[in-house]
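Each chain, letter by letter, is given below.
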Amino acid sequence: MRKSNMNISLPGLELKNPVMPASGCFSFGQEFSEFYDLNALGAIMIKATTLEERMGNSTPRVAETASGMLNAIGLQNPGLEHILNHELKFLGQFETPIIANVAGNTIEDYVEVARQLSKSPVVKALELNISCPNVKEGGIQFGTDAEVAKELTRRVKEVSEVPVYVKLSPNVTSIVEMAEAVAEYADGITMINTLVGMRLDNFGKPILANLTGGLSGPAIKPVAINMVYQVRKALPKIPIIAMGGIATVEDIIDFISVGADAVAIGTMNFTDPMICPKLIKELDEYLIKNNIAHLSDLKGRVFKN
Amino acid sequence: MNYILEVLSQEMIADNIYKMSIKDSDDNFIKKELKSPGQFVHVRVGDTTEHVLRRPISISEIDKDHRFFTIVYRAEGAGTKVMAKLKAGDYIDCLVPLGNGYTVEALEHVLIVGGGIGVPPLLELVKQFNAAGVKTTHVIGFRSKKDVFYEKEFNTYGKTYVVTEDGSYGHKGFVTHVLEALDMNEYDKFYACGPKVMLSVLDSTLPMPGYISLEERMGCGFGACYACVCQKSDGSQVKLCTDGPVFEKGEILL
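Respectively, the protein sequence lines represent chains A and B.
For the first sequence, the positions run 1 to 305 when UniProt numbering is used.
For the second sequence, the positions run 1 to 254 when UniProt numbering is used.
What the hints contain is simulated information worked out from the structure, not anything from laboratory work.
Take these hints with a grain of salt, some might be off.
Capping the alpha-carbon separation at 20 Å, the derived lysine to any residue pairs in SDA-like fashion look like this [unchecked claim]:
no. : chain 1 : residue 1 : chain 2 : residue 2
1   : B       : K196      : A       : S58
2   : B       : K196      : A       : N202
3   : B       : K81       : A       : T65
4   : A       : K278      : B       : T48
5   : B       : K81       : B       : L8
Generate the whole structure from the sequences, applying the supplied hints.
Below, the structure is given as structure tokens:
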């Protein structure tokens, strides 16, 4: 077997490649396992888990926008107990490391969900969801106040048996300030979540029942690239898993170039269910063709002379 | 189930209503995977990232012998307008077949009710009912004369009532106006597809058992995104794409 040109070690995660589906765009893997072997993936970020089952928002929940989409699903999930007993059992048959996304209404909710999920042998890391724009409670209010985010991260770190990553919201005045606050306790950062947006119908009314939704897809890539760049500049060491509109190998290379360690694919999983294995294969071909010994050789090259 | 398929033909059959015939996959998915009338195809618009969401469109006809299927859709939004430009020989990226369709049961006489762009999937259903020796009566409604399509096709299979809201063609009013004049004792079951408001009326007023096909904005089309959920009468929730789009009368809160 030839030496890997794209494996990477991050806290809690030994990734054979840096490509993983982003939380919320992959459910708990089962549907995509009908399309391909999930062992091909670097990791899987599963859909947010809350303490109790959530039924989500009213429909319509999605609307297309130019090179993107708005969603307001509302963190629908079957709840912690069900996920521990069913979804994670299913995922246990794969070697692929699982990153479990944690959400809640209160700090106590986050702590309890994190405590129990982190005990699962399948879960190799947690991703704190403090950036969902689509729920009244248990999302973004934890992600827009640096002190609150820091305290939440500290409390979750106290109980988690696996490394904790924090998913940052772009809907803030200074993402660097947020990153610096959570970095005191977090093992890593994932960024960015969706940007709050609205689309109207022909009658001048919002399409989404929730009125607003999170904008994702290729449209947000330049925003994400800049934010990863800013955070990497401020925090040269912290592991970053970057996402925001990735659709091609060139997009992956761009995120690595501004300092990301690994990347996640979101919206494009809906456009093309085979996108993840396709990009993993194309990334390998790209590195070979361009005589790049290892993907990490490109990391942060934007900062080099 | 993800296929790049060849467009065989495309034509406009009513005002902004397009009919596209699409060739079977090389490995014959029509024979291997297509199960029932009412299943749908999730069509990718173009091959760029301009349109990130696929368009769910129900299959209107299946030709197993000549190995193609057809879809009928309204070119109303930006995505479907791009689709409408496809010509014979072009290729189209399809997730197909998706969802659960209607079951063709051994009955005597069934009532078929369609409204607007909900009419197409009922044609294949009617074809299969007739092939199975089941008599079908059809009531199809449209906004206006320019919107009417498939009248001839339905006529070949049974008595067909065409209704337009403005009365510019056929009966004036809504499909329910024609239904009021029919004897419901003649039909074992009804099968409907169309606007939610029409389905809601049929669901609550028709006396016999029946099936309705719903639509909703979708993300993925295969159960992963939770965009197209709907509430069941028992309080639980289903995904329209994988649990539907066809449901039994009374099953869904409309």
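Taking the hints in turn, this is what the structure says about them:
no. : hint              : in the structure
1   : K196(B) / S58(A)  : holds (16 Å)
2   : K196(B) / N202(A) : holds (19 Å)
3   : K81(B) / T65(A)   : holds (15 Å)
4   : K278(A) / T48(B)  : holds (15 Å)
5   : K81(B) / L8(B)    : holds (18 Å)
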